[in-house]
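Student: So the sequences go chain by chain: A and B. So the mapping is simple: the working numbering equals the position in the first sequence, first residue as 1, plus 68. So the mapping is simple: the working numbering equals the position in the second sequence, first residue as 1, plus 40.
The hints are simulated quantities; they were obtained by calculation from the structure and are not laboratory data. Any given hint might turn out to be false.
What the hints assert, rightly or not - To give a feel for the contact side, a few chain B residues facing chain A, derived at Cβ under 7 Å: (1) Gln133; (2) Glu152; (3) Thr160; (4) Asp164; (5) Leu219.
Claimed, not checked - Listing some non-contacts, in silico: residues in chain B with all C-beta distances to chain A over 12 Å: (6) Ala115; (7) Ala128; (8) Arg129; (9) Ala135; (10) Ala138; (11) Lys145; (12) Asp157; (13) Ala194; (14) Asp204; (15) Lys257; (16) Ala349.
What the hints assert, rightly or not - List time: in silico EDC-like cross-link candidates among lysine to aspartate or glutamate, alpha-carbon distance up to 16 Å: (17) Lys88/B with Glu141/B; (18) Lys145/B with Asp168/A; (19) Lys145/B with Asp117/A; (20) Lys145/B with Glu176/A.
Quick reminder that beta carbons are idealized off the backbone N, C-alpha and C, glycines included.
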Amino acid sequence: MNFHPIHGKTILAIAIALALAACASPPPPKEQLAVANSAVDQASSNAADAPAELASARDKLARANAAMAAKDYVAARQLADQAAADAALAQAKARSNRSDRALGELNESIRQLQAQLNRPS
Amino acid sequence: MNKFTTTLSTLAAAALLAACASSPTVTPQLEQARATVARASGDPAVSKYAALELKKASDSLRRADELSVKRESPADIDSAAYVATQQARTALQIAKAAADEDAIKAAEAERERVRADAATNAADRARAQAANARADAANANAQAAMASADANSARAQAAAAQTDAANAQAQAAALQQELAELQARQTERGMLVTLGDVLFEFGRAEIKPAASGAITKLAHFLSQHPERRILIEGFTDSVGSDSANQLLSERRSRAIADALQRAGIDGNRIDVRGYGERYPVASNSSTSDRAMNRRVEVYISDNDRPVRARG
């Protein structure tokens with residue numbers, strides 16, 4: 069195998085480029101964190117009915133902030149996305165719990181009304 | 041240079057082939073994400089109510105699949121898969137909530153309908169009760185009217201009975217009065233009215249005008265009591281022959297009967313007897329006693345039977 073200076077330069081250039089590419093860490097996921105923050109805020113105000121999902125969302129948001137502080141932007145972005153997804157699920161679940169209860173109560177009141185109606189006065 | 045380029049190209053192609061040949065990295069989290077997204081996609085309620093959330097989940101799952109194909113780290117794949125899973129769950133929950141909310145609207149309408157039915161029923165019941173109450177009141181009125189009519193009729197009967205009693209009393213009083221005027225007295229054969237000797241001419245059977253008052257009263261009494269019958273008995277004192285006295289007593293009785301008939305009394309109600317000097321009421325030894333024996337006795341029956349004769 070012959071060693072050519074040109075080849076060596078080229079390889080060096082490629083190596084540098086690769087190294088740069090590898091070192092180039094992703095930008096700080098500010099936008100994702102903002103989205104996650106707002107989602108967790110909303111869920112805090114209207115998703116008390118889904119405490120497990122809400123707790124998970126808060127935990128992940130905290131960890132995302134910690135990762136952000138540690139400049140671990142990859143983890144920060146992943147945790148922020150997960151926190152936002154958890155918060156959205158918490159809200160949806162809370163809404164579904166509410167509607168489920170309301171429907172149950174409504175059907176019960178209809179049943180009572182009908183029972184009253186059918187009772188021989 | 042060309043040779044080097046060729047070498048690089050060959051290397052790159054080999055690398056690509058190698059990448060393609062190797063199977064993608066599939067984690068349990070990714071499998072769960074695929075299953076959850078598939079479940080959401082297959083739910084008609086999700087496509088109806090949560091199409092946006094389903095699209096987000098599908099997009100996240102596609103990213104996770106891309107990472108899987110690129111054989112990125114399982115942590116990267118899992119994160120994207122987790123997000124896809126949560127988004128699919130969110131879609132399912134939103135669809136369920138929205139379906140519930142539609143059902144709530146329908147149930148509220150149903151409740152209003154049932155309430156309206158209940159109100160209608162209550163109104164019907166109230167109307168029926170009012171009608172019953174009216175019917176009861178009408179019955180009560182009718183009964184009261186009947187009771188009132190009964191009371192009126194009872195009062196009328198009582199009044200009539202009082203009137204009858206008063207009439208009877210008045211009649212009894214009138215009878216007593218009439219009999220008192222005739223100086224009648226009760227005997228076992230009936231009421232006895234004695235017409236004295238002074239009402240006849242001496243030894244004759246003609247009635248003096250002075251007797252007309254007594255005759256008139258007697259006739260009046262008999263016309264007021266048409267059921268009663270009378271027996272007229274004539275008597276003399278012991279002066280004169282028996283046969284003359286017998287004849288005289290009969291004639292005097294007859295004369296009274298004729299006078300009564302002239303006053304309108306039916307002769308069929310009258311019986312006549314003469315007893316001469318028999319049945320004296322006094323001794324015949326003095327003028328005044330003999331006057332008492334010269335008499336006509338009129339017996340008035342207590343009922344519609346003939347007065348029983350003497351002996």
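Student: Taken at face value, is the distance from the CA of aspartate 168/A to the CA of lysine 145/B at most 16 Å?
Tutor: At roughly 13 Å apart (the allowed maximum being 16 Å), aspartate 168/A and lysine 145/B satisfy the hint.
Student: Alanine 194/B: least C-beta distance to chain A exceeds 12 Å?
Tutor: Fine: 43 Å to the nearest Cβ keeps alanine 194/B off the interface.
Student: Holds or violated: is the Cβ of lysine 145/B farther than 12 Å from all Cβ atoms of chain A?
Tutor: 10 Å, violated
Student: Should the label of aspartate 204/B as a non-interface residue stand, given a Cβ cut-off of 12 Å to chain A?
Tutor: 58 Å, holds
Student: Take a quick look at whether lysine 88/B and glutamate 141/B sit within 16 Å of each other, Cα to Cα.
Tutor: 13 Å, holds
Student: Beyond 12 Å from every Cβ of chain A: is that where the Cβ of alanine 349/B lies?
Tutor: Per Cβ check, alanine 349/B is outside 12 Å of chain A; nearest 90 Å; holds.
Student: Take the shortest C-beta to C-beta distance between glutamate 152/B and chain A; is it under 7 Å?
Tutor: 10 Å, violated
Student: Given glutamine 133/B was flagged as interface, is its beta-carbon under 7 Å from a beta-carbon of chain A?
Tutor: 4 Å, holds
Student: Verify this label for me: alanine 115/B is non-interface relative to chain A, using a Cβ-Cβ cutoff of 12 Å.
Tutor: 8 Å, violated
Student: So is lysine 257/B really clear of chain A, every C-beta pair being over 12 Å apart?
Tutor: Since the minimum Cβ distance to chain A is about 84 Å, lysine 257/B lies beyond 12 Å and the statement holds.
Student: With a cut-off of 16 Å on the C-alpha distance, tell me whether lysine 145/B and aspartate 117/A pass.
Tutor: 22 Å, violated
Student: Against chain A, with CB atoms and a cut of 7 Å, does the hint on leucine 219/B hold up?
Tutor: At about 79 Å, which exceeds the 7 Å cut-off, the nearest Cβ of chain A leaves the hint on leucine 219/B violated.
Hint check: violations occur at hints 2, 3, 4, 5, 6, 7, 8, 9, 10, 11, 12, 19; the rest are consistent with the structure.
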